[in-house]
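K.L.:
The listed protein sequences derive, respectively, from chains E and A. Convert by adding 1410 to the 1-based position in the first sequence; the result is the number in this note's numbering. Convert by adding 1410 to the 1-based position in the second sequence; the result is the number in this note's numbering.
One thing to keep in mind: the hints can contain errors.
Which copy is meant is left open, so a pair is good if it fits within one copy or across any two.
With a cut-off of at most 20 Å between alpha-carbon atoms, the simulated DMTMM-like pairs for lysine to aspartate or glutamate come out as follows [stated by the list, open to error]: (1) 1461 with 1472; (2) 1461 with 1450; (3) 1454 with 1470; (4) 1821 with 1801; (5) 1640 with 1751; (6) 1821 with 1800; (7) 1454 with 1510; (8) 1461 with 1439; (9) 1781 with 1799; (10) 1496 with 1775; (11) 1496 with 1777; (12) 1784 with 1493; (13) 1454 with 1472; (14) 1781 with 1493; (15) 1461 with 1451; (16) 1461 with 1442; (17) 1454 with 1464; (18) 1461 with 1510; (19) 1810 with 1800; (20) 1810 with 1824.
If you're looking for bench data, these hints aren't it; they were derived computationally from the structure.
There are 2 protein chains.
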Amino acid sequence: MRRREHVIGVVRDVYERYGFEPLETPAFENIETLLGKYGEEGNKLIFKILKRGEHEASGEADLALRYDLTVPLARVIAQYQNELPKLWKRYQIQPVWRADRPARGRFREFYQCDVDSIGSQSPTVEAEILSSVCDVLVQLGFEGFTVRLNHRMVLSGLLNAAGVPAAQHNEALVALDKLDKIGVDGVRQEFVARGISQQAAEKCLASFHVEATEPPDDTLLRLRHTLDEKDDAVANLAAIVSLAEQTNVAGRIRVDLSLARGLSYYTGAIMEIAVPDLAGSLGGGGRYDNLVGMFLGRDVPACGFSLGLERIIVVMTERGMFPAAVSGGAVDVMVTLWNEDARADAMALARDLRHSGLRVDIYPDADKLGKQFKYASSRNVPFVAIVGDDERAQGTVSVKDLRNGDQQTVKRGEAAQHLRARRS
Amino acid sequence: MRRREHVIGVVRDVYERYGFEPLETPAFENIETLLGKYGEEGNKLIFKILKRGEHEASGEADLALRYDLTVPLARVIAQYQNELPKLWKRYQIQPVWRADRPARGRFREFYQCDVDSIGSQSPTVEAEILSSVCDVLVQLGFEGFTVRLNHRMVLSGLLNAAGVPAAQHNEALVALDKLDKIGVDGVRQEFVARGISQQAAEKCLASFHVEATEPPDDTLLRLRHTLDEKDDAVANLAAIVSLAEQTNVAGRIRVDLSLARGLSYYTGAIMEIAVPDLAGSLGGGGRYDNLVGMFLGRDVPACGFSLGLERIIVVMTERGMFPAAVSGGAVDVMVTLWNEDARADAMALARDLRHSGLRVDIYPDADKLGKQFKYASSRNVPFVAIVGDDERAQGTVSVKDLRNGDQQTVKRGEAAQHLRARRS
Chain E
1411 MRRREHVIGV
1421 VRDVYERYGF
1431 EPLETPAFEN
1441 IETLLGKYGE
1451 EGNKLIFKIL
1461 KRGEHEASGE
1471 ADLALRYDLT
1481 VPLARVIAQY
1491 QNELPKLWKR
1501 YQIQPVWRAD
1511 RPARGRFREF
1521 YQCDVDSIGS
1531 QSPTVEAEIL
1541 SSVCDVLVQL
1551 GFEGFTVRLN
1561 HRMVLSGLLN
1571 AAGVPAAQHN
1581 EALVALDKLD
1591 KIGVDGVRQE
1601 FVARGISQQA
1611 AEKCLASFHV
1621 EATEPPDDTL
1631 LRLRHTLDEK
1641 DDAVANLAAI
1651 VSLAEQTNVA
1661 GRIRVDLSLA
1671 RGLSYYTGAI
1681 MEIAVPDLAG
1691 SLGGGGRYDN
1701 LVGMFLGRDV
1711 PACGFSLGLE
1721 RIIVVMTERG
1731 MFPAAVSGGA
1741 VDVMVTLWNE
1751 DARADAMALA
1761 RDLRHSGLRV
1771 DIYPDADKLG
1781 KQFKYASSRN
1791 VPFVAIVGDD
1801 ERAQGTVSVK
1811 DLRNGDQQTV
1821 KRGEAAQHLR
1831 ARRS
Chain A
1411 MRRREHVIGV
1421 VRDVYERYGF
1431 EPLETPAFEN
1441 IETLLGKYGE
1451 EGNKLIFKIL
1461 KRGEHEASGE
1471 ADLALRYDLT
1481 VPLARVIAQY
1491 QNELPKLWKR
1501 YQIQPVWRAD
1511 RPARGRFREF
1521 YQCDVDSIGS
1531 QSPTVEAEIL
1541 SSVCDVLVQL
1551 GFEGFTVRLN
1561 HRMVLSGLLN
1571 AAGVPAAQHN
1581 EALVALDKLD
1591 KIGVDGVRQE
1601 FVARGISQQA
1611 AEKCLASFHV
1621 EATEPPDDTL
1631 LRLRHTLDEK
1641 DDAVANLAAI
1651 VSLAEQTNVA
1661 GRIRVDLSLA
1671 RGLSYYTGAI
1681 MEIAVPDLAG
1691 SLGGGGRYDN
1701 LVGMFLGRDV
1711 PACGFSLGLE
1721 RIIVVMTERG
1731 MFPAAVSGGA
1741 VDVMVTLWNE
1751 DARADAMALA
1761 RDLRHSGLRV
1771 DIYPDADKLG
1781 KQFKYASSRN
1791 VPFVAIVGDD
1801 ERAQGTVSVK
1811 DLRNGDQQTV
1821 KRGEAAQHLR
1831 ARRS
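One chain only, chain E, in its complex shape:
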């Protein structure tokens, strides 16, 4: 939980600097808002809330717990369309609930972390979102990650150019999406198994494959040859790339033509973050100009990105990326209790140490000191402060480092500084 708070704190800080506003929506929506939005399987995984009062006995549900953050966003846009700004930029970090069977790394309640810009088709929108996501990752300590960028319409164009009939586009994309996992040969077999002609399959493989080291401009140049010199989608990608190059996204973009992303609601640019030596991504998103129309009745341009919060926490934990203050114990120093008479003194010392910003615990009872030390050790508290009779008489504090047994006596007024310097 402390780790999650750390990550959320960084995300908030960065997104607010980009002018995204925090949004929270209630845990439950009207059940009709959610049903039918996630397919038949999704309907089953939605937690449904019984009607209250006299209607409880009916066994019917009228509310349902949030299943993702996108549908509540669309509902808010539809409901407040006249009050929202022309370009509404919001982020939302809240739990969602899915009635999956709990398993390792899969919970019925988990956090999603979405950022979306609503109302503009400008490529500035994609560039800003990518830039903010990269700022988050850099600030969390990630290095060497890549932004995979592609475009839904480029995918269609390449499939057309390869001779895949429109009716088979979705089949082809499902196969293509596995390129990272199963390699060129695997995808070739998938293509054939899904009824795509061998000739079209080879053309696809040739045009979709991009060397990991190819600069985006070279990929875009190649695209202009394969498709039309003036293809809108390629121009849009080029605009996004050139804007993103002005930010800390510079040098991280790879136009990866094999990126398909499963969700069918994307209409323009699609993007994903890849980290070396990590299967899967830390997050992904894209432009979805038609989705809000499902609720509103008219289309509203939109682009969003979802960071994989739980995934990020797992990776940062495995790789030891959390600062000591986050991954270490909750308390910097425990003030021991010498005897009953020293109670008020211990309280006053704790007050001063806390005032300096240290996290301080007080042992509640005048037990034997050894027992108090042992308790602090068991709680991973690195330091104990002792104010015995001698220390009280001399206006000092003894500070013991429980990690190495080192004990020093310092002036009462300097105890906070002493501890802060040795905390690390």
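Mind docking chain A on chain E? Use the hints.
P.N.:
Frame of chain E, contents of chain A only:
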């Protein structure tokens, strides 16, 4: 929401300095955990979740949404009793759900903010909790508030001394609890209406009333006369007062013998925060040494305090106590878009301003400048930055203060500093 984040940030910061650990529990508990814990009326107000899958059609519920933070805490203690430390200090800030009819200031989903120490009967526990709560309020900007302190056993002792039979104690306490609202005469009538003899009623009124300005030590001295010189509860109150005097609670405590607090599960000290010119309290709590036993089968000493988060936000808003950065707009400066060619330049300027910590928006389209200014104004953005052809040629930025129309041209590299200085 920005306001809530501000308050929660302060609460977190303070509680962590006191060695309280953050706890989050899932939104739903098994339904049996909640049913029967809040009385018959409470049972009706609990949101119940339908069974999933093949059992959905049964219309039965097996889960229920969190109704408060105390019962989930007791459940966690019972479940993890062997893994928790001897003195477990936790805070929890999460929404709870109640199926009340929504009304002004009453929501079906609202935040509770609890801090509890589990496992010790030491008066240090009460003093630490009071001190942390006062630190929170001081840091939020509250002044002149009072800590009302009383003790459940002192209440019983005084009622006994006044000749109220044990069977009528609860009736008497309900009446007494209204002293603040209905005054001495009102409570006298209530006492009589509730069947308490006139003689006992007068004795009660005499012993429970405490002048607002009476120092705690005087009240305690008086208590020692009325009750036993060595009364445990009075000694406990005196110990809490003397420990709390070592902290910033000093000078704020009023031993208020009329404080009863509704909840019947308190067993020792009870406390509440009163603010001048405000009916009701900003929070309250007390010791409840028997409650955890309801779940665990054996009693565990515990003491807690619940801050009225939503109340605090309302009062701070009404009294203009939020810092400008919290109550003001979400964005410090909007970078305008001069023309299509200036897009990358606008992006780069936004990058630098954001890097300096400013909250920056970029206008997405190359509309007329007047339209862009108007949009920024409507969004309460105080500054716009303009990089037109002249500015680009000279390496400058024009910064316009939309609040007074003042416009200045500064060197590109000094724009961030210029804006930060004028933001306030």
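K.L.:
With reference to the structure, classify each hint as holding or not holding.
P.N.:
Outcome of the hint check:
no.	hint	verdict
1	1461 with 1472	both (6 Å within a copy, 14 Å between copies)
2	1461 with 1450	between (23 Å within a copy, 17 Å between copies)
3	1454 with 1470	both (15 Å within a copy, 16 Å between copies)
4	1821 with 1801	within (9 Å within a copy, 59 Å between copies)
5	1640 with 1751	between (85 Å within a copy, 18 Å between copies)
6	1821 with 1800	within (12 Å within a copy, 62 Å between copies)
7	1454 with 1510	within (9 Å within a copy, 28 Å between copies)
8	1461 with 1439	both (13 Å within a copy, 18 Å between copies)
9	1781 with 1799	within (19 Å within a copy, 74 Å between copies)
10	1496 with 1775	between (61 Å within a copy, 11 Å between copies)
11	1496 with 1777	between (65 Å within a copy, 13 Å between copies)
12	1784 with 1493	between (59 Å within a copy, 16 Å between copies)
13	1454 with 1472	both (15 Å within a copy, 16 Å between copies)
14	1781 with 1493	between (62 Å within a copy, 18 Å between copies)
15	1461 with 1451	between (23 Å within a copy, 16 Å between copies)
16	1461 with 1442	both (14 Å within a copy, 18 Å between copies)
17	1454 with 1464	between (26 Å within a copy, 10 Å between copies)
18	1461 with 1510	between (23 Å within a copy, 13 Å between copies)
19	1810 with 1800	within (16 Å within a copy, 65 Å between copies)
20	1810 with 1824	within (15 Å within a copy, 49 Å between copies)
The earlier numbered hints are all upheld by this structure, with none contradicted.
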